[in-house]
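Q: Okay, here's what each chain looks like letter by letter:
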Amino acid sequence: MTPACPLQLNDHGRLRHFLSLDGLPRELLTEILDTADSFLEVGARAVKKVPLMRGMTVCNVFFENSTRTRTTFELAAKRLSADVITLNVSTSSTSKGETLTDTLRTLEAMAADMFVMRHADSGAAHFVAEHVSPNVAIINGGDGRHAHPTQGMLDMLTIRRHKGDFSQLKVAIVGDILHSRVARSNMIALKTLGCPDIRVIAPKTLLPVGLEQYGVNVYHNIEQGLKDVDVVIMLRLQRERMRSGLLPSESEFYRLFGLSEQRVALAHPEAIVMHPGPINRGVEIDSSVADSPRAMILNQVTYGIAVRMAVLSMTMSGQNEQRQLDAEKSAQQEAR
Amino acid sequence: MLPQPASLIEEMAAGLNRHLAEQGIEEPRFVGIHTGGVWVANALLQAMDLADEPLGILNVSFYRDDFSRKGLHPQVRPSQLPFDIENQHLVLIDDVLMSGRTIRAALNELFDYGRPASVTLVCLLEINARELPIRPDIVGQTLSLPQNQRVKLTGPEPLAIELRELDPQ
Numbered sequence: 104m105t106p107a108c109p110l111q112l113n114d115h116g117r118l119r120h121f122l123s124l125d126g127l128p129r130e131l132l133t134e135i136l137d138t139a140d141s142f143l144e145v146g147a148r149a150v151k152k153v154p155l156m157r158g159m160t161v162c163n164v165f166f167e168n169s170t171r172t173r174t175t176f177e178l179a180a181k182r183l184s185a186d187v188i189t190l191n192v193s194t195s196s197t198s199k200g201e202t203l204t205d206t207l208r209t210l211e212a213m214a215a216d217m218f219v220m221r222h223a224d225s226g227a228a229h230f231v232a233e234h235v236s237p238n239v240a241i242i243n244g245g246d247g248r249h250a251h252p253t254q255g256m257l258d259m260l261t262i263r264r265h266k267g268d269f270s271q272l273k274v275a276i277v278g279d280i281l282h283s284r285v286a287r288s289n290m291i292a293l294k295t296l297g298c299p300d301i302r303v304i305a306p307k308t309l310l311p312v313g314l315e316q317y318g319v320n321v322y323h324n325i326e327q328g329l330k331d332v333d334v335v336i337m338l339r340l341q342r343e344r345m346r347s348g349l350l351p352s353e354s355e356f357y358r359l360f361g362l363s364e365q366r367v368a369l370a371h372p373e374a375i376v377m378h379p380g381p382i383n384r385g386v387e388i389d390s391s392v393a394d395s396p397r398a399m400i401l402n403q404v405t406y407g408i409a410v411r412m413a414v415l416s417m418t419m420s421g422q423n424e425q426r427q428l429d430a431e432k433s434a435q436q437e438a439r
Numbered sequence: 014m015l016p017q018p019a020s021l022i023e024e025m026a027a028g029l030n031r032h033l034a035e036q037g038i039e040e041p042r043f044v045g046i047h048t049g050g051v052w053v054a055n056a057l058l059q060a061m062d063l064a065d066e067p068l069g070i071l072n073v074s075f076y077r078d079d080f081s082r083k084g085l086h087p088q089v090r091p092s093q094l095p096f097d098i099e100n101q102h103l104v105l106i107d108d109v110l111m112s113g114r115t116i117r118a119a120l121n122e123l124f125d126y127g128r129p130a131s132v133t134l135v136c137l138l139e140i141n142a143r144e145l146p147i148r149p150d151i152v153g154q155t156l157s158l159p160q161n162q163r164v165k166l167t168g169p170e171p172l173a174i175e176l177r178e179l180d181p182q
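Each protein sequence line maps, in turn, to chains A and B. Its first residue numbered 104, the first sequence is counted upward by one per residue in the working numbering. Its first residue numbered 14, the second sequence is counted upward by one per residue in the working numbering.
Since the hints were derived computationally from the structure, they do not count as laboratory data. Glycine residues also receive a C-beta, built at the ideal position from the N, C-alpha and C atoms.
Some chain A residues flagged as far from chain B (calculated, every beta-carbon gap over 12 Å):
1) Glu167
2) Leu190
3) Thr204
4) Ala212
5) Leu314
6) Gly348
7) Leu349
8) Leu359
9) His371
10) Asp389
11) Lys432
Not the full set, but computed from the structure, chain B residues with beta-carbon under 7 Å of chain A:
12) Phe75
13) Pro91
14) Asp125
Required output: the full structure, derived from the provided sequences and hints.
A: Shown next, in the form of structure tokens:
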């Protein structure tokens with residue numbers, strides 16, 4: 104596991120960037136969930152907007168395609184009354200350092216207060232947070248295989264709202280763990296929030312090395328792994344993986360690891376099924392399961408807006424606090 | 014000598030009943046501002062023999078104008094209005110009215126739920142530090158405090174008023 108990331112916290116331990124769930128204390132994750140709960144209530148009103156980020160500019164920079172993450176971030180920022188611009192930057196062939204630094208300078212010139220960034224390279228958001236001018240917040244909307252922290256938190260909100268206390272739960276994550284930033288963020292969040300039984304179910308070729316650090320139990324057989332679980336998190340099978348020889352075929356994957364009704368029946372009778380989307384029906388999940396009442400896939404999208412509102416407003420707040428702390432510090436130095 | 018909330022609430026209940034009768038308001042809806050205003054509202058409803066009346070709870074954190082200076086309060090509890098406010102006569106209740114900024118935020122938030130027919134403002138204490146043109150319709154007591162002092166309501170059982178010195182900066 105990468106070391107704790109003080110870069111994303113201000114001098115008082117409050118969020119100033121949101122790059123990864125790694126190293127964030129349980130209290131902070133719980134606070135994100137509590138704040139998101141409050142924003143869910145706002146989302147149920149006739150007027151779904153609050154004036155928290157009025158006059159601020161949020162810039163969505165997506166180097167990788169995304170529909171739901173980009174649109175829910177956009178909606179979250181708009182519901183906080185921020186001005187939002189979205190840039191779809193196609194991945195260029197120049198090396199990571201050059202591309203990012205150049206893009207960063209361009210974006211800084213737009214005087215945005217916050218960047219939401221998605222990039223195909225692991226560590227890209229961290230890199231930008233290190234080099235961005237002070238008081239500009241960076242939110243990671245997914246970087247390579249590394250992290251997708253807002254997805255992790257919206258999954259935790261889904262679990263907390265439908266299953267309650269993490270300390271009593273068995274949670275299974277099924278599918279392509281190796282390439283999944285969602286799986287990494289979920290494993291870290293579940294561990295931090297005190298989930299005692301985190302299971303990972305995948306073929307050996309789709310598991311990363313060093314899984315022990317997450318404190319998970321590994322299963323290669325889905326029937327064994329799903330037994331009595333309260334939550335099943337399915338991951339999307341990325342079709343391009345088939346070409347790399349890690350998997351024989353889609354139908355083979357479905358036969359061995361697809362979530363069918365028979366397999367869901369092995370879980371706890373009231374188990375919920377989650378999926379970050381977009382779903383591949385008949386590849387990792389059967390249509391009848393995806394459309395059943397236990398499927399939380401659409402709830403996850405709704406909760407995603409509230410979680411992103413919480414993260415945007417808390418990060419903005421942490422930046423403001425740091426700005427004041429810095430101002431106080433320089434005033435003291437001048438006084439001397 | 015600081016006032017006792019219990020005696021103030023009795024007088025406020027009588028005053029509010031008179032005010033509502035004068036205005037011809039028959040079925041008001043009650044809304045307390047989190048947290049002190051909710052305590053005062055509960056005590057007030059009790060004193061008016063309306064203990065079973067549903068009470069709306071407003072948390073104005075998302076509407077405050079000092080967000081950029083103070084940030085989000087770590088434990089923001091959601092607002093809950095268990096009734097429709099469209100065309101209703103509202104009684105808005107808070108513990109201490111000082112600058113008027115909390116009430117400004119509360120009014121903004123209320124209007125995001127709908128368009129009330131009227132809003133009556135009830136406060137346990139009013140401190141002479143108004144920064145906005147907002148005055149209570151019903152007030153328990155008005156206090157003059159030196160600039161370095163604040164009052165704080167503790168509760169809910171029993172309600173008590175404490176005097177606090179501000180840290181010299």
